[in-house]
Amino acid sequence: MCVALLSWFPPFYTYTLEVQKPALHFQVNREYLNERSEKYCKSFIDNAVPEINSLLYADDLVLWSTSSDIPKLESTLNSALMTLANWSLENDSKVNPNKTNFELFTLSIKKHNINLVYNKNALLRTNCATYLGISLDSRLTWTKYIAKVVENATSRLSLLKRIAGVKWGSSQSVLTSTFTSYIRPVIDYGSELFVTASDSALSKLDIVQNKALRFIIGVNTLTPINTM
0 MCVALLSWFP PFYTYTLEVQ KPALHFQVNR EYLNERSEKY CKSFIDNAVP
50 EINSLLYADD LVLWSTSSDI PKLESTLNSA LMTLANWSLE NDSKVNPNKT
100 NFELFTLSIK KHNINLVYNK NALLRTNCAT YLGISLDSRL TWTKYIAKVV
150 ENATSRLSLL KRIAGVKWGS SQSVLTSTFT SYIRPVIDYG SELFVTASDS
200 ALSKLDIVQN KALRFIIGVN TLTPINTM
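Heads up, the final residue of the sequence shown is numbered 227 in numbering that gives the first Met the number 0, and it's a clean run with no missing numbers.
Heads up, a few of these hints could be off.
As the list claims (entries may be wrong) - Dumping the calculated DSS-like pairs for lysine-lysine here, alpha-carbon to alpha-carbon at most 27 Å:
no., residue 1, residue 2
1, K143, K109
2, K93, K119
3, K210, K147
4, K119, K98
5, K203, K147
6, K110, K71
Stated by the list, open to error - Computed beta-carbon distance windows for the label pairs:
no., residue 1, residue 2, range
7, N90, Y188, 28 to 34 Å
8, S199, T222, 18 to 24 Å
9, S157, Y130, 24 to 30 Å
10, N112, G217, 53 to 59 Å
11, K119, S169, 57 to 63 Å
12, D205, D68, 39 to 45 Å
13, P70, D205, 40 to 46 Å
14, T220, N95, 44 to 50 Å
15, I113, S199, 29 to 35 Å
Just so you know, these hints were derived from the structure itself, not from any lab. On a predicted model such as this, the values are computed, not experimentally measured, just so you know. Yeah, the Cβ is synthetic: ideal placement off N, Cα and C, and Gly gets one too.
Please work from the sequences and hints to get the whole structure.
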């Protein structure tokens, strides 16, 4: 499977006043994007190139196609990029090539040369693209993303540690609520994708949650989990 991630700028409405409120400008632009651009751009690409799938969230557009034939995959995506370029030109939209990259997802160890072009600009290939905050490595091991999740969740554990204490700290209910509302969402975000992650990678998430459990019930940090 090959995926192209594009940074897309939809058209803005034109105002007669020179002084514009940035917040209003942003809201109108988002409204146009959600109600018009997403509907017509996505359907136009899907209809023009049936082998292509697409998703659009805010200004993040992703195109992908699956095939065991790499040259065919390359041709399909380049056709979709050409279709997008023509549509964007006709509808006063832009794609920033400098913020656009693509990635080939495969378990093969063989090196595949793929060249994707948008408006005569060669797109940058990456081995770990990020979409909606989720790092997608080319073999879908999720090791890099899980490492980032562990780092973010661990930094948030410091708050739990500050308000925890056997005699003077917050109650267990408050600590539990803090964990479920402030720390657990970081761990849960994108966790549905971890079906292909290794046990060793997933165990790092367990370590973070076990640390939180020790803070909540007020035991020593060296206390074995199976005794709690």
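Now for the hints, and whether the structure bears them out:
no. : hint                    : in the structure
1   : K143 x K109             : holds, 22 Å
2   : K93 x K119              : holds, 14 Å
3   : K210 x K147             : holds, 17 Å
4   : K119 x K98              : holds, 15 Å
5   : K203 x K147             : holds, 11 Å
6   : K110 x K71              : holds, 16 Å
7   : N90 x Y188: 28 to 34 Å  : holds, 33 Å
8   : S199 x T222: 18 to 24 Å : holds, 23 Å
9   : S157 x Y130: 24 to 30 Å : holds, 29 Å
10  : N112 x G217: 53 to 59 Å : holds, 58 Å
11  : K119 x S169: 57 to 63 Å : holds, 60 Å
12  : D205 x D68: 39 to 45 Å  : holds, 40 Å
13  : P70 x D205: 40 to 46 Å  : holds, 43 Å
14  : T220 x N95: 44 to 50 Å  : holds, 47 Å
15  : I113 x S199: 29 to 35 Å : holds, 31 Å
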